[in-house]
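Student: Next come the chains, spelled out residue by residue.
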Amino acid sequence: MSGSSTKLPRRSLRAPTLACLLVTLCVTALLAGLSVGSAGIEPFWTLLTDPVAAQIIFEIRVPRTLGALLAGGLLGLAGALAQGLFRNPLADPFLLGSASGASVGVALVLVSFGLSPVATQWFIKLGLTGAAFLGAILAVFLTLSLARGVQHTLRLLLAGVIVGVVLGALTSLLSLTHPDILQSMQAFMLGSTAFVSGSACAIMGVVWLVCNASGIALSRVLDALALGEATALSLGLPLNQLRVVLIGILALATGTAVAQTGLIAFVGLAAPHLVRAIVRVRYAWLLPLASLMGALLLSLADLLARGLIAPQELAVGVLTAILGGGYLMWLMNHQGPTHD
Amino acid sequence: MTDSSATLKAVPIAFETRSLEIKRGQRSVIKGLNLKISMGRWYAIVGPNGAGKSSLLLALAGVLPFQGEILLFNQPLKQYAAQQRARRVAWLAQSSVQSADDLTAYDVVMLGRIPYQSWLNGQSQADHAAVEHALKLTHAWDWRNRALGTLSGGEKQRVLLARLLAVEADVLLMDEPLANLDPPHQADWIQLVHGLVAQGKTVVSVLHDVTLALYADDVVVMSNGQVQYTGKRDDTSLHSNIENVFEQRIAIQPLGSGWVALPKLV
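Which chain is which? The protein sequence lines are A and B, in order.
FYI, the numbering for the first sequence is 1 to 340, going by the working numbering.
FYI, the numbering for the second sequence is 1001 to 1266, going by the working numbering.
Simulated from the structure, these hints should not be mistaken for lab results.
Be careful, since some hints might not be right.
[Stated by the list, open to error] Which residues of chain B face chain A? A partial, calculated answer using Cβ under 7 angstroms:
#, residue
1, Glu1069
2, Ala1100
3, Asp1107
4, Ile1114
5, Pro1115
6, Ala1147
7, Pro1263
Since this is a predicted model, take the numbers as computed values, not measurements.
Beta carbons: idealized from backbone N, C-alpha and C, even for Gly.
All chains, please: the whole structure from these sequences, using the hints.
Tutor: So this is what it looks like as structure tokens:
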């Protein structure tokens, strides 16, 4: 056979190499994150000698930098899961409505208990995470029932937009009728890593490990789904049950990230795309790689948000929305309409 | 050939359907279909578009819900655990719906081993051996490390065929397996099927090319969700039944030791 029909170039970079590269870059971003702040840019080790500066680093910069990495990691993983599960390259936690669902969950908890999302106590963080998780999972099921399944790309995306808009309106309504949560909700809606605490990092870290491990364990299902739902069924996979479990992992990752950092758009969409542009791999590799890519993207965006107009800072969600929107436009112009 | 041995003794039945009914959405696509598929033979299903050929195959594969009865090796299909069924019956989709572009050919074929893998166990030596054997049978071993998305239509089809073979099932169901293959590879496929049948496997293939279908041991003619006729390839009333379901727009003519179906212009 002739090789003339080759549509896509072969990639020379292999998955383990990319993983090492991404880990190195993430560590570099972490170290840079420790050195950048409203107090200026200085290597963090020179600051450790000064007790005030050391306090800034350990109580503010460490949690927020680590938080950006972990939240990005969760969103990247959620994006890769969503794209595999729904066999749709445009599926991401936001387009499926799960992030809007998570924010309704958070708003409801704030309204009911008069809490602040910037609170650092453990039980509050866990409660908010739980509410975000439930909101996310309900929103995904709502989107799926509106779209009547996952087969029809356009219907799925439209349903996601509808659910996102309606739930977004609900969140706005809740914050308008309860002005006391308005300010805390605003930070949340913009998406920010500024208030991530040590306890939030611990929760995200544990969830990140759980979601990655369970996602990798079920990665065979995502691979088989690429051959079509019927082929996966013919191989004896109990798809209905597996789908519920995978949506659960997706909602847990999204809900946990959203509960700690608010609405940070496009990381979940862009991370798996970027990985696929570099290597072609099974989901057992794609999930952790997309997760690392998401971590890198969000921590770089966080650095930019802190550095661009220092000593002021941008909400990182605003920045990812602008960058992600640009990326999506580039994708639209370079890949043409997505096949369905 | 298998023809003579088949007539000497009663051949065990691989599949039997009784009053099979299948609905897709509101539409009834299979209406009271009765069919027996003997073990160790190659069946070709032919018929016009919308006759219910693909739906029948999906139901046999355990993928599509149905009314009535399907027996697999004399046991109701619904009584099989999914994994047990998947080890005995393998199904190959039309290649256009399979878009695992990022997976290597090897990874794709390995998916055929899912019925043998538990959640905790990884890939065994037997899995790797089956994948290698299947890829070599379809002459696709050389591209085992290439992504499916980088292969041509025919190359991809041979990888997907290897995926089917890697299941090592007793019954192989194939929907339009020749659609993307050029004539030499179509001939390869027919030889491969002869080899499988010689090993005692049962092959059921939906083929839209009537000439190629007339290479099969048995030909099942379908239209309107029912079996109109089942016959051996040299059976002249099979030929007239095929011409009927295609509204007399084809003519089946002898050629050498076989048959050829030609389109009739009006």
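Student: Confirm or reject each hint.
Tutor: We went through each hint and held it up to the structure:
1. Glu1069: Violated, about 20 angstroms.
2. Ala1100: Alanine 1100/B check passes; min Cβ-Cβ to chain A is 4 angstroms, inside 7 angstroms.
3. Asp1107: The hint holds - aspartate 1107/B has a Cβ within 7 angstroms of chain A, the shortest such distance being about 5 angstroms.
4. Ile1114: The hint holds - isoleucine 1114/B has a Cβ within 7 angstroms of chain A, the shortest such distance being about 4 angstroms.
5. Pro1115: holds (5 angstroms)
6. Ala1147: Holds - the Cβ of alanine 1147/B comes within 7 angstroms of chain A, reaching about 4 angstroms at its closest.
7. Pro1263: Nearest chain A Cβ about 28 angstroms off; hint violated.
Comparing the model with each numbered hint stated earlier shows that hints 1 and 7 do not hold.
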